[in-house]
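Keeping the supplied structure of chain A fixed, place chain B upon it in accordance with the hints.
Number of protein chains: 2
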Amino acid sequence: MVEYDAVVVGAGIIGLSTAYHMKNLCPNHKIIVVDKMRAAGQGNTAKSAAMFRCFFYSTTNLTLVDSSVEFFKHVQEKLGVNLKIRWTGYLWLFSEEDYNQIKDILGTMSKLGLTYQLYEERELAEKLEVRTRVTQDEEAKIMNLADVYTGIFIPKAGSIDVESLVKFYEVEFLKLGGKISYGTEVKNLIVEPSIPLGIPNEPHFWQESRVAGVDTNKGTIKARKTVVCIGAWASKLLDPIGIDAHVKPIKRQIFCVKANSQPLSKLLWTRNFNKEGCMPFLILPRPKVYIKPALEEEAFWLCYGDEFPRAYKLEEDPQPEEDFYRYGIYQIVTKYLPQFKDSTYTSAFAGLYAVNTLDKQPLIFEQNDLIFAGGTSGSGIMKADAMGRITAALYAGKPYAILYGGREFKIEDLGLKKRKIEPEKFVI
Amino acid sequence: MVEYDAVVVGAGIIGLSTAYHMKNLCPNHKIIVVDKMRAAGQGNTAKSAAMFRCFFYSTTNLTLVDSSVEFFKHVQEKLGVNLKIRWTGYLWLFSEEDYNQIKDILGTMSKLGLTYQLYEERELAEKLEVRTRVTQDEEAKIMNLADVYTGIFIPKAGSIDVESLVKFYEVEFLKLGGKISYGTEVKNLIVEPSIPLGIPNEPHFWQESRVAGVDTNKGTIKARKTVVCIGAWASKLLDPIGIDAHVKPIKRQIFCVKANSQPLSKLLWTRNFNKEGCMPFLILPRPKVYIKPALEEEAFWLCYGDEFPRAYKLEEDPQPEEDFYRYGIYQIVTKYLPQFKDSTYTSAFAGLYAVNTLDKQPLIFEQNDLIFAGGTSGSGIMKADAMGRITAALYAGKPYAILYGGREFKIEDLGLKKRKIEPEKFVI
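So the protein lines, in turn, are chains A and B. The first sequence begins at 1 in this note's numbering and counts up by one. The second sequence begins at 1 in this note's numbering and counts up by one.
With the rest of the complex left out, here is chain A (with noise of 0.2 Å):
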């Protein structure tokens, strides 16, 4: 049997992002990616509204998606490969109330260079052709909706194409003479002794033991570090051996309306706001229903990421609730658009995000040779470069991660033990 220097479980984005900055780094090792599905990004990397913004309160937000972002630029621009970037922006619609919340953070973030431009409530009916004061509507002062007091425009957000980065990954990854093994599914975590004596079932709790690779349905993979990048479903194999990675995985769908009506064409192809020449990425103020310009597809995606009592749960297969957009998502959309009148979903899908339940950022942490990084809670996508760099640079047994650009970063500050982390305030 072959003894890899590396395995790492997971070929979603986040594992082979990082399985790409491991071969970076130590172009010797052997590393080999295993994955359930029978290709890259098919789990919930695929299920995600693959949206990015550079805009956080948090330094640890800001610096982890502004690295990313810039090298996924650099991909594009620099190296050719298209991921389709669209600088759609975001467009975030706040009530008076959550606006004064916000207005002293707002400043603090411009001091930091990060731009953004206000729009007011006349502005945004004009443009949009949006429903400002939706408590006129008995209907939406029931259902606690509240009115538009104003929008901050993110200039530099937006979409891009999970596959084709994805994909970069993948084949930079096998160019750097990596192993890929799909169809192969980890059914457990291999525990050791990390000096075996040969007596009758080792490890006993005297011995140091360490995790020695992974048993799966194609035969067992020895390795000296297991990597774990499984997003929601990381407590299936860490609960088994006693390690908490604080992940919860929780449902979230999409629902994709054509824009096949005037009303609808017209909004998706608001000017004005963006060089795409598209309505940016809309968060309603209150409950946050967001709409996502897919263009490519001529429509909108419209989600919500509803919480309590909304369950902690792995599920095989999750699916798109019609109930959710009937009685949800429509309901509301309508009332501060009207172009959705009457609209249908054409598809929809379901994913489960990876909820960090400390504080909802990701975790990367080393105990017995096991290394996990995940709990990305719902920015994956938008941070996939910095944590593949941080946890290939955790791999390489280095204290700090050198991100896109230049910056560095300190590993143990995503960590469980020396946590660091700078509480997000301005979340949708």
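Bear in mind the hints are in silico, worked out from the structure with no lab data behind them. Treat the hints with care, as some may be off.
For chains that are exact copies, the list does not tell them apart, and a pair is met inside one copy or across any two.
In silico lysine-lysine, DSS-like type, Cα no more than 30 Å apart, as pairs [claimed, not checked]:
(1) Lys167 - Lys266
(2) Lys288 - Lys417
(3) Lys103 - Lys417
(4) Lys288 - Lys418
Just chain B now, kept in the frame of chain A:
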């Protein structure tokens, strides 16, 4: 259907202490306790080693334990309820390395008025016939055992009879007019809209919603507040409504060895440590196997709290593992205490610890009319009274709880949002 003010899920030690103190604070409230077992404290409460020590570095720990133990003492000495408290003391054996690490901590604790007594290696060897220099033995070296350098005797520590303690809270709760329904298994928590609108499939995500009681095998119980005290089982009820209690279940095993040889009997009845005239609760240096003098049974209880790679796993009926004793505990104990040579256990049992993986300290919080109290991480018995008072005070809408002895405790210090816990540096 009767609507209760509160339904308390779980008639273990935390649930019953909580229910009793709730009824004390709110005598007119209709409160019902439900439990799937046929009687009080039959779940993991019954699987405890039932030891306590009023000796912690963390003031949080110390306050919770000391006030609880003082209350237990009061119950036994003033109320005349025999809780079979035995002041055996703890005798904590340290290697030189480990002792040097806690020396300064001990100094701090001493200044706080905590009393302890140091025993030199020689005294320990004489009094207990413990082998202090185990590493002269080749096997012990391979097993990473450490020589005994010093012993710390903690007098304010001992054991309590859990059954009597549970019974005390149960009887008092019933006396106050509380209701208990045994054999009643909660299938799920009920979530309802705060303001029902009579539309299909409520609550929708734009509605405020709340936990409104429980569905059980004996029907539905509605309540204003639902108080969940189910220890290791927390995630089974809370995951389905998207609340993370940060509790993982981990198996703990206890092996009972009869003191049926002359050397073992002599060890059990070691004099001059305590008024019981018995060996104190003994903690070996490394690994920290511990031995409880179980005087009623003329026996020792042997235990070790192993971590990685011990699984986090919910099991209906966890079983002790013969190998854990044979290749683990027995091997270690006999190196230090040859008196145990050739001993076998006559009985053994296993239970599930509810480990709070945030910081191994208790967690008490309220969300959407659900109150959670748990995560006591192996010290549920010794903190039970304080846990009950704090949870009851939260239920009664107070910011502070009054612990036994009159001390105020800020409830949110044990919560999630403003958690403020002094870390423990003195752990088994």
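Inset, instruction - Determine which of the earlier numbered hints do not hold for this structure and return their numbers in increasing order. - result: Failing hint: just 1.
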